[in-house]
Amino acid sequence: MPSSTSSIRYLRMRHGVTEADTLRRSCSTLLPMPSDAPVDLTSLAFACSVDPLLLLDESGRILALNPAAERLSSAPGATARGRPVDEVLRPDPPLGALLEQVLRDRAPRALPPDLALHLANERVVLAEGHLSPLVDPAGACAAVLLALRDVTEQRRAAQAAREQGARLHAAVEALDVGFVIYDAEERLCFFNTAYKSLYPECAAAIQIGNTFEDVVREGCRNGIHLHSGLSEDEWVAGRLAEHRRPGEVYVRRFGDRWITLKGCRLADGSFVGLRIDTTELKEAELDLERERQFIRLVLDTIPIIVTVKARDGRMKLVSKGYAELYDTTPEGAVGKTLADLPHSHAELSTIGEMDREVLARMQRVSRVQPITRPNGNVRWMSIIKVPLVEQDGTTHILAIGTDITAQREHEEHMAATIAELERQKEAIADQLAVIQRQQALIRALSTPILQVAEGVLAVPLIGALDDARAADVTSKLLDEVVRTGARFAIIDVTGVESVDAATADHLVRIVRAIRLLGASGVLTGIGPAVAQSMCGLGVDLSGVTTHGDLRAGIEVCLRAPGARR
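The sequence shown lines up with residues 5 to 569 when you count with our numbering.
Just so you know, these hints were derived from the structure itself, not from any lab. All values derive from a computational prediction rather than experimental measurement. Any given hint could be a false lead.
Said to hold, decoys possible - Restricting the straight-line Cα-Cα distance to at most 25 Å, the calculated cross-link-like pairs of lysine-lysine (DSS-like) are:
1. K340 / K320
2. K324 / K340
3. K266 / K286
4. K200 / K266
5. K200 / K286
Produce the entire structure from the sequences given, and follow the hints as far as they go.
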């Protein structure tokens, strides 16, 4: 083999074999040339290359090495030249077999991708490069150029990037939310398992390379849009519009699921999205909304008014009935204070006083309060206020009011009615007193007790003889018998039209009462009809003196022994 110095000077390219200009290209960076640079630019390039370059003979011994190779191997050129390259650099795998192939084929070969150099001080360098034959004009292989590049940091960075990528991929797969990336042309680039599981209707189209529209239309073919009432094209248009408007958060229903969609656009136009199954959260939200609407329905239906106020007096909850008192809506009243509503000064004072009392005593307070509506009408309200304390200790004021205007008007009407009845009662009592006096006078006039002779009294009865009149006649007649010392008391029943059992019993009792006073009772004036009635009733008149008329009775009494005319 020619000397290395002479061989380097006349190398040239031939049939793809590297010569001097190839050597220059293998040097990634040339150091600045001094002004007195030698004419042998090839040697200068070899020496100034920042990449390690070595010239080997056919046996693999080092013929020459540049300063970069010396630094790599930590061996000065004088000690490295003449030694096998596998001994100096200790490559793994060794370069012997590859060198033989280069010499045989007279063609450059790349070094093994996993080449490692086990250098001094236990230093390991990962390298890449090539072996190139250097052919002289005679066709002989003058040397083999070993060009190396230290890629240790590059490989470590690449390995770290792969590991980081693997960790990132594992982390994304571990997420319980869907993760997806579409490129700027809306083609699917990446997705995790959770993303695919969220859209079972779209699963067949969730493949790398398919467009977002492909995925959406696959879902439509499986009925993912039917709940919306939209056509397939309308549904697809809506989803595409949302996809092309990243940055916003959407909550959408897909079949029986609710999914929250979040996305953003990267600098290269790619779309990164998160898909979160919020079905339970949304159903809970819907349940709360239904409960809120039900409570609102109850509040707006019950015939009472309800308000909840914060400590600062602002309305937090207002029933429809309360809002209507002030010609507003529950929504319009929430957040306002009493001063914002058209109360009168007196009403504000009373309501404010009740609020302060509730907060101070933390007890129930009740009042009956007039409320003036904007149209001037006054409604009377029975108001109960109680403290309402949340779990965190926040205190509100719960007010429950009942419109008692009709009740109050009814009570006022009843009071007026009662007063009128009392007045009428007094008037009737006065009339009754007059009537009673008149009745007493009538009874006195209708039942006169006449002294027809000394020792003889006569009582003409006219009309019916009821219990009250019988008692009155008996009492007066007995008193008169005692007062006058009469021996006879004649009871004339000529004026009695009919006699029933009660009347007959009264007559017999009067006669017997007279007898108990030592006088004789005489019945006169019993006509045929009365006689028949008394017989039919079986009235016992034994021991009772009777005469046809009053005159006959008087005559008999006057003829009796001891009677005086």
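Original post:
What are the numbers of the hints that this structure violates, sorted from low to high?
Top reply: Going through the list in order, the structure violates no hint and respects every one.
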